[in-house]
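Number of protein chains: 4
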Amino acid sequence: MKHAYIPRTTTYNLNPGEELNDLRMSDEVRPLYEHVKKFIRETVDPMSVEFMRLGESKKDRWSFTPEQLAVLQKAKDKAKEEGLWNFFLPDAETGEGLKNLDYAYIAVELAKNPMASETMNCSAPDTGNMEVLERVGTKAQKEKWLKPLLAGEIRSAYAMTEPNVASSDAKNISTTAKLVGDEWVINGEKYYISGAGDPRCKIMIVMVKTNPDAPPSKQQSQILVPIDTPGVEILGPMHVFGHDHAPRGHMHLRFNNCRVPKENMLLGEGRGFEISQVRLGPGRIHHCMRTIGKAEKALDLMVQRGLTREAFGKKIAHLGGNMQIIAQARCEIEAMRLMVLKAAKAMDVLGNKEARIWVSMVKAMVPERTCKIIDQAIQMHGATGISHWSPLGEMYQDVRHLRFADGPDEVHWMVVGRHELSMP
Amino acid sequence: MKHAYIPRTTTYNLNPGEELNDLRMSDEVRPLYEHVKKFIRETVDPMSVEFMRLGESKKDRWSFTPEQLAVLQKAKDKAKEEGLWNFFLPDAETGEGLKNLDYAYIAVELAKNPMASETMNCSAPDTGNMEVLERVGTKAQKEKWLKPLLAGEIRSAYAMTEPNVASSDAKNISTTAKLVGDEWVINGEKYYISGAGDPRCKIMIVMVKTNPDAPPSKQQSQILVPIDTPGVEILGPMHVFGHDHAPRGHMHLRFNNCRVPKENMLLGEGRGFEISQVRLGPGRIHHCMRTIGKAEKALDLMVQRGLTREAFGKKIAHLGGNMQIIAQARCEIEAMRLMVLKAAKAMDVLGNKEARIWVSMVKAMVPERTCKIIDQAIQMHGATGISHWSPLGEMYQDVRHLRFADGPDEVHWMVVGRHELSMP
Amino acid sequence: MKHAYIPRTTTYNLNPGEELNDLRMSDEVRPLYEHVKKFIRETVDPMSVEFMRLGESKKDRWSFTPEQLAVLQKAKDKAKEEGLWNFFLPDAETGEGLKNLDYAYIAVELAKNPMASETMNCSAPDTGNMEVLERVGTKAQKEKWLKPLLAGEIRSAYAMTEPNVASSDAKNISTTAKLVGDEWVINGEKYYISGAGDPRCKIMIVMVKTNPDAPPSKQQSQILVPIDTPGVEILGPMHVFGHDHAPRGHMHLRFNNCRVPKENMLLGEGRGFEISQVRLGPGRIHHCMRTIGKAEKALDLMVQRGLTREAFGKKIAHLGGNMQIIAQARCEIEAMRLMVLKAAKAMDVLGNKEARIWVSMVKAMVPERTCKIIDQAIQMHGATGISHWSPLGEMYQDVRHLRFADGPDEVHWMVVGRHELSMP
Amino acid sequence: MKHAYIPRTTTYNLNPGEELNDLRMSDEVRPLYEHVKKFIRETVDPMSVEFMRLGESKKDRWSFTPEQLAVLQKAKDKAKEEGLWNFFLPDAETGEGLKNLDYAYIAVELAKNPMASETMNCSAPDTGNMEVLERVGTKAQKEKWLKPLLAGEIRSAYAMTEPNVASSDAKNISTTAKLVGDEWVINGEKYYISGAGDPRCKIMIVMVKTNPDAPPSKQQSQILVPIDTPGVEILGPMHVFGHDHAPRGHMHLRFNNCRVPKENMLLGEGRGFEISQVRLGPGRIHHCMRTIGKAEKALDLMVQRGLTREAFGKKIAHLGGNMQIIAQARCEIEAMRLMVLKAAKAMDVLGNKEARIWVSMVKAMVPERTCKIIDQAIQMHGATGISHWSPLGEMYQDVRHLRFADGPDEVHWMVVGRHELSMP
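Residue numbers (the UniProt record's numbering), protein chains in the order written: chain A, 1 to 424; chain B, 1 to 424; chain C, 1 to 424; chain D, 1 to 424.
Keep in mind the hints are simulated off the structure, nothing from the lab. Where is the CB? At the ideal position from N, CA and C, for every residue including glycine. Among the clues, some could well be false.
Stated by the list, open to error - Keeping only pairs whose Cα atoms sit at most 25 Å apart, straight-line, the calculated BS3-like set for lysine-lysine is:
no.: 1; chain 1: A; residue 1: K372; chain 2: B; residue 2: K112
no.: 2; chain 1: C; residue 1: K353; chain 2: C; residue 2: K314
no.: 3; chain 1: C; residue 1: K314; chain 2: A; residue 2: K314
no.: 4; chain 1: D; residue 1: K314; chain 2: B; residue 2: K315
no.: 5; chain 1: A; residue 1: K147; chain 2: A; residue 2: K80
no.: 6; chain 1: A; residue 1: K171; chain 2: A; residue 2: K353
no.: 7; chain 1: A; residue 1: K59; chain 2: B; residue 2: K315
no.: 8; chain 1: D; residue 1: K372; chain 2: A; residue 2: K372
no.: 9; chain 1: B; residue 1: K171; chain 2: A; residue 2: K315
no.: 10; chain 1: B; residue 1: K315; chain 2: B; residue 2: K139
no.: 11; chain 1: C; residue 1: K218; chain 2: C; residue 2: K353
no.: 12; chain 1: A; residue 1: K147; chain 2: A; residue 2: K78
Unchecked claim - Every beta carbon over 10 Å from chain C, so not counted as near; a handful from chain A, in silico:
no.: 13; residue: L72
no.: 14; residue: E81
no.: 15; residue: G321
Stated by the list, open to error - With beta-carbon atoms standing in for the labels, derived distance ranges:
no.: 16; chain 1: D; residue 1: K314; chain 2: C; residue 2: V136; range: 46 to 56 Å
no.: 17; chain 1: B; residue 1: E81; chain 2: A; residue 2: R61; range: 40 to 50 Å
no.: 18; chain 1: C; residue 1: E354; chain 2: A; residue 2: A214; range: 32 to 42 Å
no.: 19; chain 1: B; residue 1: R418; chain 2: C; residue 2: K80; range: 38 to 48 Å
no.: 20; chain 1: D; residue 1: E28; chain 2: A; residue 2: E34; range: 27 to 37 Å
no.: 21; chain 1: C; residue 1: R30; chain 2: D; residue 2: K314; range: 42 to 52 Å
no.: 22; chain 1: A; residue 1: N256; chain 2: B; residue 2: P226; range: 55 to 65 Å
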């Protein structure tokens, strides 16, 4: 009657000596990493202070002033000059680029100044869009859109999420594209389209349903839609806990019989899911590394507050369970860091498809736990923690938002759970 | 060596037959309760829609339009006419008023429309301020400030929290008032002063330190400061997760050698803590009942979303652990409701002082658990949950804020824990 | 686009003035309640110490010594003499008995000495079995089994759970009874049959499948099986975390072509579910009240330990987050107590069927939270907490077991969730 | 007024390219690792089945039968012959041995059969005791005790924890040793002394207070006490949730004027803490790796149960939130594994002292989270989960016990928190 215990073979119990467990940054990337840190410290940090100052008096919240753009351009020119430009991008000929593990270490640094990524032309969603164009774009598509994106002259958006369906199940996508003559006619609604409010945003990649009768994973396509195409209607910015994030915005869009040339289709009809594989893995890892940067910052703020405020005759950090909260935050951060590094390494070693379980684990784990850490930091700050005097409130909103972006936690747990149940 | 187990006598294990366990609303209050519900449904609900509509096009975010004020006034007149006016207030002669338990049931209803309380002249912090003036005000103070407050002609603020100290420990209060001749000269800073931005706000009750050398609980006083007193500087609104709550605002104030007549002192020098006892117990209970109203609304929204959206071939409510989340939310809500009713009853039967452990329990329990329920409702809504299309984001912010207001959770747990350790 | 919020009508938002919110014990039960407390203190407590002492040197773990039985009998005689006997039982003629709410208060007291219930002939599963016989038994069944049970001369068991199927879904019951001539022939296996190891246990009520082709809720029957029936094989005691609970035991039984007369069927073929309704509601409430008694004891022990041990120069209760843990335990206990009282009252006022949501809520809530409180008490005791020097280890095991008994937590949450989703 | 955010330099943000992030097993240890796995599979697994079978009919629970000892000896001889013997031990001359990281990988395998460690003479507490004797023992001490331990002829115990004080604060140690003539006279009580009940246990290392007037960290000493020394009184086995773990036992001991020669002192008077540094780091890491092995087993059992039982028309693994529970368990296990590997590597690279923060993190993190995973596995098994039919109940008890052993969680969080607060 005793339970017959037969241990399963898991993909997690790999050979302990193998490369997958080596989480070091590559030696050859170290100079780039140091260069990026130096550039942020010396160029981006002062530039961003200036940029904010110049924006303080502007009238139109949904634009940048010429002075702002000039300051930003100068920093971009400097980055380009120093070779800190587009370094996220795989080499066109060889397909080789920065390894995910190496980029993960760099992403933590990029997260430390909100303008750092853009200055080095490495900001989302442009990175994903450029990578897609690089890998699957036609020569003409590259000439028209990839070139100015690589030069940092325009910006772009990625339109997937829809307001009227549970788009966490991509089969639900309801925006349609129908071929009429030589043009695709697009109709539907999208929302939370980050960056579509930026006056410099010129092109969108839009997820549409083209083949409703094909098998579920062959119904979707991705297509290029210039933002000034007639019929593209920007209905307004979506808020995140009351923020509209002007002037970049998370926009709500409607496509009203919006026509684009047949050639704007990416890769081919019904291949939208294939393209998603290219972009989502790395994007999720980068989100997670940036989030860990935020968790670290929240812990730093918690400690600083805990050591500078007093109540009931003690420093707050020494009151009640606060020291244990601080210790557990540190432990969570280190555990999250190792998991993200491992997921990045798994992508490098096993490929995006095999590594998807690792990616889903960190995508479900990191934002939720970081929300908790930020919330505890807020609590240790009292009302100041949710005020505009502290960055914690905005950090919380950003990270809370991540628990839906690129798939809600629940969908990622489902991916992990299904795999676990299918292991022999 | 066996542990000698000696059960303690607790104040919680009271005689099971006694009144404290009767959580029914009084028969005599039932008509008022029904009247309030009807008034909200028939008068406040349509008025508030009109009020919002009239405010949409206004230029100055920090004012109301005359049209808005007229609509509101009409509803207030109707309430007064029907006798739904100031019903929170104890009778001046007898000290008798609505019991806390009865008011708790009504507070749930008031919470269902954000304008309901004001329409019936029962909104915070005016209620607390009026109660204080009624109980401890001099005849002149009552004539000058209580009268127009009771008539709903002006509004008021309560200034306790300070930005530069951990004011959860009230001994830390650093705003000073010094008697110079016949005037109190006030200096210091306060923040998160709700309602101080309202153009109709005319008077503040300010917590100050007058007797730094007295024993800790005798150092503070509460004093009346008209908001137009020279030296009162409104530095700006504090944000709550990016919201400024214009036009009422949670203001940041500075007192610069601000002079008020000697007669503005309430009750007497060094009696600030005594006054706090009057106002804080009921205020906390009302907060908690309103919060339960929000938890119920979050659960309703969760259920509605869960039954109307589909993913992976199922209604969301039936996916994964969602049904259990819904069930546990219901259970938490009912547990919270009973605890708040019990705390209210304890105040009625035992008095505010004896009941303070119950009040601290619910003040620490209710906002934290409600935050969790709202957060789960948000997650079930996807990105819409944090957008301006759903009330959930704003509800989260309000309830999160409550975890500091009137003492952070940690201080309330400390009160409960200390009592537990001191029981024989 | 704003979410149209339509509040649902819930069965929880009942009229606030109604009886359901009166959680006081009935005046007429108060003398019984006081009498029970006095009897436990004066008679049961010393008797149980004596009983344990007499058992220390016994050879056969699966029996009681004649001396033990004599001591117990004396206490039972005294209880009977004082009228503290079978008071759980509804009146045969009127169907009236103690209200669930009143019994709930008494159950807390009964829980304080593990022998208290038996001494007053109120111990599980005899109470449930007697109630079933009283309500649905034939005259002959009552004469043969109810009479000696009421007299405290024999004990009984209730056999529902099976080892080979998920019996939380009662449709899975696989023990069969087939009518062959004038006899039911029973085959199958049952486990965790509490009390079936007691040498005084003479009769079992067994849940069997008699009508596999009927609709799911009409397939089961309950039948009386004397424990000495040929074919009843006791395979051994089931352990709970290594305990076998000798001499009463949670037995593992097999029925091998076990024959009982046709007349042993209770109520009628296919009416097994109906009978369950009679017994399970009150049984679950009693479990929960006894569990709250254990949570209180765990908190008492936590406080005593916290105030008598020192480390790092402080009493343990004042170290780190311990005071908050203690405060939160108190708050949970009071919330659980109110919920159980409300569920008991709901059974009294609404009937078992309508009240089942309340019962499921407390059955899922109380054991899980009490496990956590006991676990925290263990942690505050160090290794002593899990040793035989402290009652905490055994308490943990008992309460952990309750998270499956009478339906696992998950099934109860499902009941609550389904109801929530079906409310208009 | 904006918060000035100055990131702290942390010891956690080390150079990303450095060795500390390389968590691979050493190439040179791979053959040993494979050998150990093969030996467990081919020799230990069948031997342990035989050993259990031989023990089934034994009369004295506190002994082994000669047949049992013969079977075990045969396996030990085989291990010695194959060179799988004492491999935990550093080389006497060079101080070099297996790196902690390498041993961590092997410890997971050793955890898979409860007799594996002993068969290869690598079982606790002998490993720690041998390491201490090797490092600090005199020639005579080594000859007398280390030699037979290394040969696997005797076993040993380590006596630190005391029943009457909070010994998590080592300054509280109350067992005394006083030098009287040429002998140390020892008095006091110890409990939870694992293995002291084993008939083969001959020697104990005992933590005593020798210098009560010295600074706190110089008051303790460690001393060798043969278990047959007059005055050593074994009072009985301590239980863990009702288990006594015969015949090895966690014993309760009393030292009554127990005399040992002056030469039995280890390293020197007042140097007890120094010795602790030698043994505790690796011991804690080994505990944690074994615990992860248990978490994996619990997850395997959860999956197997989930895929073989059905209720409500579905496999249990697909009911409610179960798939998410399974996914989160996998994620926790992988996070714990990486943290333990990192802590082991930190010990190798930074030394035990610098790595202590990492060790405290995993010691506080791993047992608590594993308890939760085992508890969830129990819940998915229904009552079988806590019965003797499943290993889960015993696994829970062992891991729960670990939350006190070698310092309770709270003390480890305190170590981590203090370090965090002291970082610049």
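Against the structure, the hints:
Only pairs whose Cα atoms come within 25 Å are accepted, and K372(A) paired with K112(B) is rejected, the gap being roughly 29 Å. Taking the CA atoms of K353(C) and K314(C), the gap is about 52 Å. The hint is violated against a cut of 25 Å. Simply put, K314(C) and K314(A) have alpha-carbon atoms about 15 Å apart, close enough for the 25 Å limit, and the pair holds. Restraint check: the Cα-Cα separation between K314(D) and K315(B) comes to about 17 Å, which is no more than 25 Å; the hinted pair holds.
Restraint check for K147(A) and K80(A): the C-alpha separation of about 15 Å stays at or below 25 Å, so the hint holds. With a C-alpha separation of about 19 Å, the suggested pairing of K171(A) with K353(A) holds against the 25 Å cut-off. As the CA atoms of K59(A) and K315(B) are separated by approximately 46 Å, the hinted pair breaks the 25 Å bound. Pair hint K372(D) plus K372(A) holds up; C-alpha atoms about 19 Å apart against a cutoff of 25 Å.
For the hint linking K171(B) to K315(A), the alpha-carbon distance of about 15 Å falls within 25 Å, and the restraint holds. A hinted pair counts as satisfied when its Cα atoms are at most 25 Å apart, and K315(B) with K139(B) does not qualify at roughly 63 Å. Under the criterion of a C-alpha separation no larger than 25 Å, the hint pairing K218(C) with K353(C) is consistent with the structure, at around 17 Å. Under the criterion of a C-alpha separation no larger than 25 Å, the hint pairing K147(A) with K78(A) is consistent with the structure, at around 19 Å.
Every CB of chain C lies more than 10 Å from the CB of L72(A), the least distance being 34 Å, so the non-interface label holds. With a least beta-carbon separation of about 47 Å from chain C, E81(A) lies farther than 10 Å from that chain, consistent with its non-interface assignment. Not every CB of chain C is more than 10 Å from the CB of G321(A) (nearest about 3 Å), against its label as outside the interface. A beta carbon spacing of about 33 Å between K314(D) and V136(C) contradicts the range 46 to 56 Å that was offered as a hint.
Taking 40 to 50 Å as the suggested C-beta distance range, the pair E81(B) and R61(A) conforms, at roughly 45 Å. In this structure the supplied range 32 to 42 Å is violated for E354(C) paired with A214(A), their Cβ-Cβ distance being about 51 Å. Distance hint check: the CB atoms of R418(B) and K80(C) are about 46 Å apart, consistent with the given range 38 to 48 Å. Checked against the hint of 27 to 37 Å, the C-beta distance between E28(D) and E34(A) comes to roughly 33 Å, which is consistent with it.
Take R30(C) and K314(D): their Cβ atoms lie about 49 Å apart, and the range 42 to 52 Å holds. Checked against the given bound of 55 to 65 Å, the beta carbons of N256(A) and P226(B), roughly 57 Å apart, stay inside it.
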